[in-house]
Structures are given as structure tokens and as C-alpha cells.
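Once you've looked at the hints, dock chain B against the given chain A.
Protein chains: 2
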Amino acid sequence: MRRTAAALIIGNEILSGKIADTNTTYLARGLFELGIELRRVVVCPDEIDTISRELSELRTSHDLVFTSGGVGPTHDDVTIEGVAASFERPVVQSEGVAKMIRHYYGERTNDAHLRMANMPEGGEMIRSSDAPWPTVVIENVFVLPGVPEIFELKFNDLRRRLDQGQEFHSRAVFTLSGEGEIASLLERIAKAFPGVMVGSYVKWKAEDYRTKVTFDGNDREAVEKAADMLIGELAPDLFVRRE
Amino acid sequence: MRRTAAALIIGNEILSGKIADTNTTYLARGLFELGIELRRVVVCPDEIDTISRELSELRTSHDLVFTSGGVGPTHDDVTIEGVAASFERPVVQSEGVAKMIRHYYGERTNDAHLRMANMPEGGEMIRSSDAPWPTVVIENVFVLPGVPEIFELKFNDLRRRLDQGQEFHSRAVFTLSGEGEIASLLERIAKAFPGVMVGSYVKWKAEDYRTKVTFDGNDREAVEKAADMLIGELAPDLFVRRE
Numbered sequence: 001m002r003r004t005a006a007a008l009i010i011g012n013e014i015l016s017g018k019i020a021d022t023n024t025t026y027l028a029r030g031l032f033e034l035g036i037e038l039r040r041v042v043v044c045p046d047e048i049d050t051i052s053r054e055l056s057e058l059r060t061s062h063d064l065v066f067t068s069g070g071v072g073p074t075h076d077d078v079t080i081e082g083v084a085a086s087f088e089r090p091v092v093q094s095e096g097v098a099k100m101i102r103h104y105y106g107e108r109t110n111d112a113h114l115r116m117a118n119m120p121e122g123g124e125m126i127r128s129s130d131a132p133w134p135t136v137v138i139e140n141v142f143v144l145p146g147v148p149e150i151f152e153l154k155f156n157d158l159r160r161r162l163d164q165g166q167e168f169h170s171r172a173v174f175t176l177s178g179e180g181e182i183a184s185l186l187e188r189i190a191k192a193f194p195g196v197m198v199g200s201y202v203k204w205k206a207e208d209y210r211t212k213v214t215f216d217g218n219d220r221e222a223v224e225k226a227a228d229m230l231i232g233e234l235a236p237d238l239f240v241r242r243e
Numbered sequence: 001m002r003r004t005a006a007a008l009i010i011g012n013e014i015l016s017g018k019i020a021d022t023n024t025t026y027l028a029r030g031l032f033e034l035g036i037e038l039r040r041v042v043v044c045p046d047e048i049d050t051i052s053r054e055l056s057e058l059r060t061s062h063d064l065v066f067t068s069g070g071v072g073p074t075h076d077d078v079t080i081e082g083v084a085a086s087f088e089r090p091v092v093q094s095e096g097v098a099k100m101i102r103h104y105y106g107e108r109t110n111d112a113h114l115r116m117a118n119m120p121e122g123g124e125m126i127r128s129s130d131a132p133w134p135t136v137v138i139e140n141v142f143v144l145p146g147v148p149e150i151f152e153l154k155f156n157d158l159r160r161r162l163d164q165g166q167e168f169h170s171r172a173v174f175t176l177s178g179e180g181e182i183a184s185l186l187e188r189i190a191k192a193f194p195g196v197m198v199g200s201y202v203k204w205k206a207e208d209y210r211t212k213v214t215f216d217g218n219d220r221e222a223v224e225k226a227a228d229m230l231i232g233e234l235a236p237d238l239f240v241r242r243e
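Line by line, the protein sequences are chains A and B. Going by my numbering, the letters in the first sequence line up with residues 1 to 243, in that order. Going by my numbering, the letters in the second sequence line up with residues 1 to 243, in that order.
If we strip away everything but chain A, and leave its shape as in the complex, we get:
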């Protein structure tokens, strides 16, 4: 069975357009490479009740959930409180992380800094080789920071943990045909290969092709055959290349 995942992207700055979220795309690509199906992404504001409600829905309907954002030291960083509320557990301080923070900030350490040692009771702090701070994990929920550089470092660490050798295989066929002209052919291919996801993308700006058709699935042979079927039925002068 293919594992499913969801993401909860937390932050007023994304909903007001101040910051463009790049973590969703990074996560989506990473999960795709691991053969994990990202089914749903929700972006919500920094509000404890909202985070709790959204997370409760996502974590009970998907195998894995990744949150992004809201784990810094300021008043609007309430993700840990929201996650704890979803699990109906109190927020506790990780002694190990509090020690790391005191070591790092020395005499300047204050309550705001120490908020970053908080986690829901029963959570786990995963240490990693590359990232400066540990990652909070509780059951099937991974709590990641919003800063893209750190999000990416931490996700890359988690990859090893999540890899079960179920990667997707992908092929792409580039054609000069418009999308409308091959729509019924693509539908037939999708029906002939039910385990293969068939996607088509129109290039709006000029390129050497007009439509890119993608084939993805866990079964490499079925993916190749689906691509073969398209090329076989396409008028030869409309075929550009296969990747």
C-alpha cells in the first residue's frame, strides 16, 4: 500500500503574501521521490484552535503529517501549543533542548528563547547530524520550522527514516500537439494503465514543445508502456522527445 501524507503550513505571513511558501514544493518533491502520496495541503493562520482543529483532521486521515512554521520564540509562534491541543496533551519542556539553548545564548537566555524547547508531552526530539536544533515528532506528526533552509535540512534527515524503497518511476513525453487534440488519447491511456498517473502541462511561453505529458507510478514497466502507447499513437511529426 502506498503511504499517504498531508502538510499543514502555518503562518499569517503566507496568507498575507509577505512570504512565498517554498516548503510545500520541496516537501512534495521529496515525498514523491519516496513514493509517498501527498494528498492534501492546508495553509492556516497562527491560531492555536485553528492549528489544533486542522491537525486533528489531517493526522487521523493520513499516514504522515508534516507541519511547517510557527516554532520560533515570538508570541505568534503557537504551533507547539496547537499540536499539543490536537493530541489533548500538555506542553512540556525538553530538558535536553533547554540545556542546548542555555549553552547557546548563555546569560542572554530568556523565556522567549526557552519556548523553543517546548513540545507536547510524549513527543520525541529527534537529533540530526546537519540541523542545528532537534525536530519534534509526535506519533505520525513531524513539526518542522518555516525557515526554508532549516526546513530542508530537517526534511533531508527525515528521508532516511521514511524511505521504504517505494519510489515512483516517471517518464515525460514532449509533443507539439495542443492539449485538446490529445485529450481523448490521454484518457484512453489512463484507462489502459490504471496504476499510472497521467498528467499534461501546456507550455504557455514559446518552447520547442507545446504539451508535456507525464507518466508516474510505482510499476516501472507500466510507466514505460504508457509512454510507448502515447508515442505510438501520436502523429510522428508531433513527437518532440521522451525523457
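In case anyone wonders, no lab produced these hints; they're calculated from the structure. All C-beta atoms, glycine included, are put in the ideal place defined by N, C-alpha and C. Treat the hints with care, as some may be off.
[As the list claims (entries may be wrong)] Pulled a few chain B residues facing chain A out of the computed Cβ check, cut under 7 Å:
(1) Leu15
(2) Gly17
(3) Gly180
(4) Leu186
Quick look at chain B alone, frame taken from chain A:
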């Protein structure tokens, strides 16, 4: 009362990381400028039932909903069917748009092309000056295409319709202080000016500042005063600039 909005971003290509969604950020900025509060964004796959279920939730809990994607001619473009299902209405063909499509494609016109003339019964096709095709609107739901160039053209047309002169005012203060050092000050400012949203963003890579603090709200004077309070209480050598 501030109007609220939600977005439903539809497309397997975004959930598999093949395409980075830029429409959310564009929409978020545009709504912010209009003083409309974007409260929730959901990304979902190209599935009629899923689109219908997500949309039903979003459109009954927000003043305005914008969808992006899934309106092309291929088998996986099922947004119109999903929107119609959410409103429990049949899909009908707009005669005006079908005529435009026949005019454009001439003899090559096929059923796939004509799918782009579909809309839920009772919907409206809004013609615009700049965009090549009209936009489907039904009650409080605006159905926009996923291709960013066209999404942006169409949204810009809608701006005039949506503008009610409730824009947000914004100020930013750049400081050399770390986020943790000013966390309690920011909390006091947020409490002193309840109508002002206070945000803080750490610059990870080297810049001339460490933390950017933003103040946003409909009341220009309150926004200015909140920024003044931060600058007044900040140690002078930590202040970089105000924008």
C-alpha cells in the same frame, strides 16, 4: 467588517512537486492589498468528490472563495464538475463561450475543447478586457485557471469588482535584535494595538538587519503608533530603518 476569503488550489502536479504553485502568493498579496483576509488555503488532487467536499466547506465559511487549476480540456480537468457537485447543480454549456471556442479552433474543434465552455448551472461567465477567455463565477466562488499568466490576468480584472476601499496599511521596522530578545516587547505591542497584526521575520542569510517586524491593519494611525512604540523601546543602536 473585514471580508474573509479562502483558496482551493487544485492539481496533482502541485501535490507531486512537478509544478510550484505561485498563484497562492499572487492571490494572497492581491487580497491583502484589498483589505480582504485570506484565512485558509487548501491544495487538493484532481478528484470531483474531493473538490466538491473541500469547496462546500470553504464557501460556506468564507465570504469569497477562489479556485485555481483543473479547467483545461483533458480528462484530469474536473474542477467544473467538482464545483457543480458542491452546489448540487448540473454542468451546462455556455453558448457564448462555445461559440468563441468554435471560432478560435475552427474545424479542429472537438469535445475536449468544448469542455472549456462548461459551467455549473446558474453560473455566470464574466468577460474581461485582458484575458482571452471568460471566468466562471457562481455565487461567492471564482473559478480561475492554474496557468499563472492567465490566473494573474483574470485576478487583476476581478480586483475592480472586489475593491471596497478597505485596504490594509503596512509598516516595517528593521532591527539588529534577535527575535527572542524582542519577543516580549512585541507581545506588549500586539496587546496595546489589538487591530494591528504584528509579525516578525528572521533573516537567516546575512543582511544589514537580523529581524524585520511588520505592522498591518486597516487603521493607518494605529499601525504608525505600533511601529513608533517598537522604535521608542528599542535600544537605539539596534534600530536599522523604518519602511
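Taking the hints in turn, this is what the structure says about them:
At its closest, the beta carbon of Leu15 of chain B sits 5 Å from a beta carbon of chain A; the interface hint therefore holds under the 7 Å criterion. Satisfaction of the interface hint for Gly17 of chain B is found here, the shortest Cβ-Cβ separation to chain A being roughly 3 Å, below the 7 Å cut-off. Hint on Gly180 of chain B holds. Least Cβ distance to chain A is approximately 4 Å, under the 7 Å limit. Hint on Leu186 of chain B holds. Least Cβ distance to chain A is approximately 6 Å, under the 7 Å limit.
Of the numbered hints given earlier, the model fails none.
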